[in-house]
Amino acid sequence: MNKPLVISPKERIGEIPEKIFLFRSCTGSMEYPGTESAVKEVLKKLGVEVIMDADQTCCSGYILTCSGFPPEPALAVTARNLALVEQRYGLDTYMFCNGCFGYNTELAHILNHNPEYKKMSNQLISQWGYEYKNETRIIHVQELYYLLIDKIKELVIHPLNGLRVASHYGCHYLSQLYGVLDDGDLPTFHEEIYEALGGVPVFFKERRMCCGASVGRGFTHRESVVQPHLARKLDSAKEEGVELMTTVCPGCNVALDREQKNLMDRGFGPYNIPVIDLAQLIGLCIGVPVEKLGFNANTIPVDDILNRLGFGKGE
Amino acid sequence: MPRERDKDWRDNLYGEIDKYNLVENLENCLQCGKCTGNCPVAAITPSYNPRFVISEILTGNTARLLESEEIWRCFWCANCYRVCPVDIHFPLLMMQLRFMALENNYGLKYVKPINKYGFRAFDKGLTFVPGERGVQKINRLRTSIGVEEWPEVSEKAIAEYRAIFEQTGAIEWMEKLEEMVEKDVNFSLERGGVTNE
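Protein sequence lines correspond, in order, to chains D and A.
Counting in the working numbering, the final residue of the first sequence is number 315, and the numbers go up one at a time with none missing.
Counting in the working numbering, the final residue of the second sequence is number 197, and the numbers go up one at a time with none missing.
FYI, nobody ran anything at the bench for these hints, they're computed from the structure.
Everything numeric in this text was worked out from a predicted model, so none of it was measured.
We treat Cβ as the ideally placed atom computed from N, Cα and C, and that holds for glycine.
Don't take every hint at face value.
Chain D stretches covered by chain A per the calculated footprint, using a threshold of three residues with CB under 8 Å from any CB of chain A [to be verified]: (1) 24-35; (2) 63-76; (3) 171-180; (4) 227-238; (5) 256-263; (6) 292-298.
Build the full structure now, drawing on both the sequences and the hints.
Dropping the structure here:
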């Protein structure tokens, strides 16, 4: 309880990095491949070199929190992935999924504060020559966008022209408690980015509510808890006239985008709020070709928004 | 409704639940209820109450907790942890509580559906790999934006990932879970109190 809750991006990241290691997100590369591609293209435009490695595996946090296996494999997998980054590249590990960010941060914290777990994990992964030393920092790419907000503003060539955009921050970033960029109750740094892009930030009542997918979409109490909860969130967004919602987590994106159709089938709604990743929105504004942003993966079509911004069909 | 018996209560329930030593400060709980006030699940299901769960763990009411439907409602959004004045990591407590329920054959119906994704993760090194048609859709989507057809996960990565599953006993654990049979639950905590199903 003696560490600061909210810190500036400068304190968090330090100097603007030339090179980062980007952690592959399973959902980001399968459900919405445009997310991964957008993050890479945006960072390229911002002058940051991105490195990925095919030897990295899933972070294994989601199945752990769904009680799909005990903590030991998840701890060892975390140690292995982070050790790989430390040994091969000596870089910080950047996540573009709140899930990967939250689970890696949490599991790394457990490893670093429980010598026995670290010993167990390091013993296991030593057979392939890895050793986790806690040298790489775990950072979310949204923190880097915020650090580079002035540069993003300079690069904007397709401004949003007053589009009403709302943010879904996602719980597993802001719930980290210490050393995050903004206060969990009323965060505003995404809204500052929208303003830099020429959009109008919309604050709706339930903006900080969880997407419901962190554990349980379709697994536990989908009908009795998850869907009514999501409907409440989307109703509140609709009431405030949100035209587009962004996420920084492909998992939240799945819940908010894919579930709108299921909710309407159950009599909620109607909803028509396209949900895209923050990187896709920044990419759109700073001139990343639309076809590289992969909007065709979305259930709620983004085409209307693209037409309004003068991009034609989003294929 | 069955009566509660002495043997439903255990003095050291907290210690038994927190067997991984991840929530060492539970006894600091002030019972202030900020967790419940910030809980999106409690907002629509008043019978789910994180403060009550903590109180039940500390007083040691085993049966009421493990057999309860309520412990499976948590989304793991961690907002309870974010607002806790004494930094109790409730999600990690919930995770261990669920493991204990599983060991006692409760809640299997909520975990078994995820098992197939666990086995697919073991195969591919990625979580939430869909079935064959889903995979084809992913291939089409990825090709359309000019990236490789499938996320690049190397043979080496998959082999090491699988070895971790095997050597930590995770695969054994997952196979055992497949065979376990759900025990009937005697009561649930619907509508804020103990009621008969």
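Verification of the hints:
1. 24-35: Result for this restraint: holds, n = 8.
2. 63-76: holds (count 12)
3. 171-180: Held - the segment 171-180 of chain D has 5 residues with a Cβ nearer than 8 Å to chain A, which meets the minimum of three.
4. 227-238: Three-residue rule met by the segment 227-238 of chain D, so holds; n is 3.
5. 256-263: violated (count 0)
6. 292-298: This one holds; 5 residues, not fewer than the three required, reach chain A with a Cβ under 8 Å.
In this structure, only the earlier hint numbered 5 is contradicted, and the remaining ones agree with it.
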